[in-house]
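A.B. asks: Sequence:
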Amino acid sequence: MAVTLSAKSRENLKKSATKHIRKEGLVPGVVYGREEASQPISINELELVKTVRDEGKNAIISLNVEGSKSFDVMLHDYQMDPIKNELTHVDFFVVNMSEELEATVPVQVVGEAKGAKEGGVLQQPVFELVVSAKPKDIPETIEIDVSALEIGDVLTVADLPKDANYRVVDDSDSTLATVTAPTVVEDTDTADAEGSAEPERVGEKKEEAAE
1 MAVTLSAKSR ENLKKSATKH IRKEGLVPGV VYGREEASQP ISINELELVK
51 TVRDEGKNAI ISLNVEGSKS FDVMLHDYQM DPIKNELTHV DFFVVNMSEE
101 LEATVPVQVV GEAKGAKEGG VLQQPVFELV VSAKPKDIPE TIEIDVSALE
151 IGDVLTVADL PKDANYRVVD DSDSTLATVT APTVVEDTDT ADAEGSAEPE
201 RVGEKKEEAA E
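Take the sequence shown: its letter number 138 is residue 138 in UniProt numbering, and every next letter is one higher.
Mixed in with the good hints there might be a few duds.
No more than 20 Å apart at the CA atoms, straight line, and that leaves these computed lysine-lysine pairs for PhoX-like [what the hints assert, rightly or not]: (1) Lys84 <-> Lys8; (2) Lys23 <-> Lys69; (3) Lys162 <-> Lys134; (4) Lys134 <-> Lys57; (5) Lys69 <-> Lys19; (6) Lys134 <-> Lys117; (7) Lys117 <-> Lys136; (8) Lys117 <-> Lys57; (9) Lys84 <-> Lys15; (10) Lys162 <-> Lys136; (11) Lys50 <-> Lys15; (12) Lys57 <-> Lys114.
Hint data in this document are derived by calculation from the structure and do not stem from the laboratory.
Values in this document were obtained by computation on a predicted structure and should not be read as measured data.
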């Protein structure tokens, strides 16, 4: 079920008006889609942040734009102020609930690898996957169970359980997790001690025997 948020239309696009919007706790943004003309809006920052935090960045939002109409949208892009850590602009993409689209979904590791318990190192080279699905079927996360992985084992996209609601677009050979053998560090002190022994001089024993 889509989460409902309210937004306001923006007609004055000057910088002074944009600054005023931000002072009111609103974020300037835009709504657009294949069959929808781009429409400037503003939306409450706190409500949007809470929605994304609770529902995930791929949540379907029913966006009621004051003076316009309601749109089924997804948060497509956003910009942040790196100093103030505040949203400065958001893009909403109007979706067709009956058509598939591609979205990026976080990968979450669950379980403790058997090989890691034996001293191996669990590595996760991929943290996101691209899936194709209808908007309502896009998963919030994709879980990968690494419990059975032993040292040297590799888990790939092809090993993921097949889900009827979505399809992973990434290459089937892409590595999601692997357990590598622990790195063996040579004891340099022992090696130095062994290497520091004085070599036997040629002919030394023969001279001692002659005496």
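A.B. asks: For every hint, state whether the structure bears it out.
C.D. replies: Going through the hints against the structure:
A threshold of 20 Å between alpha carbons decides the hint, and for Lys84 with Lys8 the separation of about 24 Å lies outside it, so the pair is violated. In summary, the hint linking Lys23 to Lys69 is not supported, as the alpha carbons are separated by about 25 Å, beyond the 20 Å threshold. Pair hint Lys162 plus Lys134 holds up; C-alpha atoms about 16 Å apart against a cutoff of 20 Å. With a C-alpha separation of about 15 Å, the suggested pairing of Lys134 with Lys57 holds against the 20 Å cut-off.
A C-alpha spacing of about 25 Å is found between Lys69 and Lys19, which places the hinted pair above 20 Å, so the restraint is violated. Among the hinted pairs, Lys134 with Lys117 is inconsistent with the structure: their alpha-carbon atoms are about 39 Å apart, more than 20 Å. The straight-line distance between the Cα atoms of Lys117 and Lys136 is roughly 38 Å, outside the 20 Å bound, and the hint therefore fails. Our distance criterion of 20 Å between C-alpha atoms is broken by Lys117 and Lys57, whose separation comes to about 34 Å.
For the hint linking Lys84 to Lys15, the alpha-carbon distance of about 18 Å falls within 20 Å, and the restraint holds. Taken as a hint, the Lys162 and Lys136 pair is honoured in the structure, with Cα atoms around 18 Å apart against an allowance of 20 Å. Distance hint between Lys50 and Lys15 is unfulfilled; the C-alpha atoms sit about 27 Å from each other, more than 20 Å. Distance check on the hinted pair: Lys57 and Lys114 sit about 32 Å apart at the alpha-carbon level, beyond 20 Å; violated.
In summary, the numbered hints that this structure violates are 1, 2, 5, 6, 7, 8, 11, 12.
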